[in-house]
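Peer 1: One-letter residues, chain by chain:
2 protein chains.
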Amino acid sequence: MYRYRLTIEYDGTPFGGWQRQNNAPSIQAALEEAFARFAGERPLVVGAGRTDAGVHALAQVAHVDLQRRWRPDRLVAALNAHLRPQPVAVLEARLAGEGFHARFSARERRYVYRILNRRAPAALEAARVWHVPAPLASEHMQEAAQALVGRNDFTSFRSSECQAASPLRTLDLLHVRRAGDLIEIHAAARSFLHHQVRNIAGSLKLVGEGRRSIGWISEALAARDRSAAGPTAPAQGLFLVGVGYPVEPLSAS
Amino acid sequence: MYRYRLTIEYDGTPFGGWQRQNNAPSIQAALEEAFARFAGERPLVVGAGRTDAGVHALAQVAHVDLQRRWRPDRLVAALNAHLRPQPVAVLEARLAGEGFHARFSARERRYVYRILNRRAPAALEAARVWHVPAPLASEHMQEAAQALVGRNDFTSFRSSECQAASPLRTLDLLHVRRAGDLIEIHAAARSFLHHQVRNIAGSLKLVGEGRRSIGWISEALAARDRSAAGPTAPAQGLFLVGVGYPVEPLSAS
Numbered sequence: 001m002y003r004y005r006l007t008i009e010y011d012g013t014p015f016g017g018w019q020r021q022n023n024a025p026s027i028q029a030a031l032e033e034a035f036a037r038f039a040g041e042r043p044l045v046v047g048a049g050r051t052d053a054g055v056h057a058l059a060q061v062a063h064v065d066l067q068r069r070w071r072p073d074r075l076v077a078a079l080n081a082h083l084r085p086q087p088v089a090v091l092e093a094r095l096a097g098e099g100f101h102a103r104f105s106a107r108e109r110r111y112v113y114r115i116l117n118r119r120a121p122a123a124l125e126a127a128r129v130w131h132v133p134a135p136l137a138s139e140h141m142q143e144a145a146q147a148l149v150g151r152n153d154f155t156s157f158r159s160s161e162c163q164a165a166s167p168l169r170t171l172d173l174l175h176v177r178r179a180g181d182l183i184e185i186h187a188a189a190r191s192f193l194h195h196q197v198r199n200i201a202g203s204l205k206l207v208g209e210g211r212r213s214i215g216w217i218s219e220a221l222a223a224r225d226r227s228a229a230g231p232t233a234p235a236q237g238l239f240l241v242g243v244g245y246p247v248e249p250l251s252a253s
Numbered sequence: 254m255y256r257y258r259l260t261i262e263y264d265g266t267p268f269g270g271w272q273r274q275n276n277a278p279s280i281q282a283a284l285e286e287a288f289a290r291f292a293g294e295r296p297l298v299v300g301a302g303r304t305d306a307g308v309h310a311l312a313q314v315a316h317v318d319l320q321r322r323w324r325p326d327r328l329v330a331a332l333n334a335h336l337r338p339q340p341v342a343v344l345e346a347r348l349a350g351e352g353f354h355a356r357f358s359a360r361e362r363r364y365v366y367r368i369l370n371r372r373a374p375a376a377l378e379a380a381r382v383w384h385v386p387a388p389l390a391s392e393h394m395q396e397a398a399q400a401l402v403g404r405n406d407f408t409s410f411r412s413s414e415c416q417a418a419s420p421l422r423t424l425d426l427l428h429v430r431r432a433g434d435l436i437e438i439h440a441a442a443r444s445f446l447h448h449q450v451r452n453i454a455g456s457l458k459l460v461g462e463g464r465r466s467i468g469w470i471s472e473a474l475a476a477r478d479r480s481a482a483g484p485t486a487p488a489q490g491l492f493l494v495g496v497g498y499p500v501e502p503l504s505a506s
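First to last, the protein sequences are chains A and B. Note that the numbering used here numbers the first sequence so that position 127 is 127, with each residue one more than the last. Note that the numbering used here numbers the second sequence so that position 139 is 392, with each residue one more than the last.
Bound-form chain A, shown alone:
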């Protein structure tokens, strides 16, 4: 068996999420079906992050085990040909060591949450941003965000459906920046809880609007109660932008 590491871009709009499911198309199933069509086998594709319905990725990472050895560029070309016209593109494939696991080897996940902050709705970016018409003080959001950085109990920012054993996570970076009408919230951590980034974005938006104080975020965190924080921001503003791994030793194969 040969293990390949794939880097994948997708528009999450038409999908029920990364993970294969019965009632909606998924990015995982789209990839598995593309393999089935040209490789004569239908391998399991394991992703680094199980993005929700409507969430996008610039660089999701997955691994797959194949019976046959492929030239990486041919694997990419064949996958993309068979993924068409679905909005999923494989950017890169490389042979990975047996020890590489897209999900368990990951040391960092990076997300960006995008808010279009202007009166007029989004025309070009409607499925790619959260439209917030009221003016947001992005500098207040940035200041408030810093209270969440570090190792914390994120119960207040975790979906009630989250299945992680522990609510403790280490948020390595949370940065809010504005460029014109667009506010980007950058977040990085080894792993995230379910809805963590979207619940943080929904909470920071309340601070940006002035409906909550900058210090309120610390109180919401300390409460360890989901109802203490803000609402969940919509999926379409969220992008998985990268996954980090330890440097792999050169493959023997």
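No lab work stands behind these hints, which were simulated from the structure alone. Heads up, the beta-carbon is just placed ideally off N, CA and C, and yes, glycines get one too. There's no promise every hint is true.
Said to hold, decoys possible - A few chain B residues facing chain A, derived, Cβ under 7 Å:
{"id": "1", "residue": "Tyr263"}
{"id": "2", "residue": "Asp305"}
{"id": "3", "residue": "Asn333"}
{"id": "4", "residue": "Pro340"}
{"id": "5", "residue": "Val341"}
{"id": "6", "residue": "Ala342"}
{"id": "7", "residue": "Leu344"}
{"id": "8", "residue": "Ala373"}
{"id": "9", "residue": "Pro374"}
{"id": "10", "residue": "Leu377"}
Unchecked claim - If we take Cβ atoms under 8 Å as the criterion, some of the chain A residues that face chain B in the derived model are:
{"id": "11", "residue": "Asn80"}
{"id": "12", "residue": "Val88"}
{"id": "13", "residue": "Leu91"}
{"id": "14", "residue": "Leu124"}
{"id": "15", "residue": "Ala126"}
To be verified - Pulled from the structure, derived: some chain A residues nowhere near chain B, Cβ distances all over 12 Å:
{"id": "16", "residue": "Arg37"}
{"id": "17", "residue": "Arg69"}
{"id": "18", "residue": "Gln86"}
{"id": "19", "residue": "Arg103"}
{"id": "20", "residue": "Ser105"}
{"id": "21", "residue": "Ala106"}
{"id": "22", "residue": "Asn152"}
{"id": "23", "residue": "Ala164"}
{"id": "24", "residue": "Leu168"}
{"id": "25", "residue": "Arg190"}
{"id": "26", "residue": "Ser191"}
{"id": "27", "residue": "Gly215"}
{"id": "28", "residue": "Glu219"}
Following the hints, put chain B in place on chain A, whose structure we already have.
Peer 2: The following block gives chain B in isolation, referenced to the frame of chain A:
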């Protein structure tokens, strides 16, 4: 009558172009119908540039004459409410002098043509870029482009269906820049011929691929023959990004 100047963003994908037409939806008709629904009149909306099917705009400008005087922010809100769910957003409305004409007063139109230059197809930006898999030497494209700047007979870069009286145009700026996988061609002129930017983009792509020399662009221009230049680049990579007007005297009203 009160004349308003509108700034409009749109995703050109679902439209047959800016201009009202019998067999396809248009941005112009979408705006006129939105007015009809809330203003009780159906005014003519005159745009600065009649973008083709599939071409996008970040800041198209149009004017419209209304019987009633509106607060500009209310006009914007009412238009956007009645444009929904079409991907057209009015960013701004302002009262304009009677002498203002969106098309004839314009002194500059600015376009950007976007090429995604990587092997993998576009997933997130499929309807917003021209995907060119072969590596393009953007610095060669930039050098070649400079031969087109200035007052020239652009017959070689003009659609056979172009209805302009003269093929002479003054191209004020043509700049090619790369950021990662994205190549942007910026063009500015008082006015453009039909398909001029797309024909220039299609020609510069041949230079970038090395299928034509840098000097070939000058020969293609001098030939004054459409068949001497490259093919028309697809519509979905083109964005009308701005329209410039002389500074208006303050309105008396």
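Peer 1: Look at each hint and say if it fits the structure.
Peer 2: Now the hints, each set against the structure:
no.: 1; hint: Tyr263; verdict: 5 Å, holds
no.: 2; hint: Asp305; verdict: 16 Å, violated
no.: 3; hint: Asn333; verdict: 6 Å, holds
no.: 4; hint: Pro340; verdict: 5 Å, holds
no.: 5; hint: Val341; verdict: 6 Å, holds
no.: 6; hint: Ala342; verdict: 4 Å, holds
no.: 7; hint: Leu344; verdict: 5 Å, holds
no.: 8; hint: Ala373; verdict: 4 Å, holds
no.: 9; hint: Pro374; verdict: 5 Å, holds
no.: 10; hint: Leu377; verdict: 5 Å, holds
no.: 11; hint: Asn80; verdict: 6 Å, holds
no.: 12; hint: Val88; verdict: 6 Å, holds
no.: 13; hint: Leu91; verdict: 5 Å, holds
no.: 14; hint: Leu124; verdict: 5 Å, holds
no.: 15; hint: Ala126; verdict: 6 Å, holds
no.: 16; hint: Arg37; verdict: 16 Å, holds
no.: 17; hint: Arg69; verdict: 20 Å, holds
no.: 18; hint: Gln86; verdict: 8 Å, violated
no.: 19; hint: Arg103; verdict: 21 Å, holds
no.: 20; hint: Ser105; verdict: 23 Å, holds
no.: 21; hint: Ala106; verdict: 21 Å, holds
no.: 22; hint: Asn152; verdict: 32 Å, holds
no.: 23; hint: Ala164; verdict: 28 Å, holds
no.: 24; hint: Leu168; verdict: 33 Å, holds
no.: 25; hint: Arg190; verdict: 25 Å, holds
no.: 26; hint: Ser191; verdict: 24 Å, holds
no.: 27; hint: Gly215; verdict: 33 Å, holds
no.: 28; hint: Glu219; verdict: 35 Å, holds
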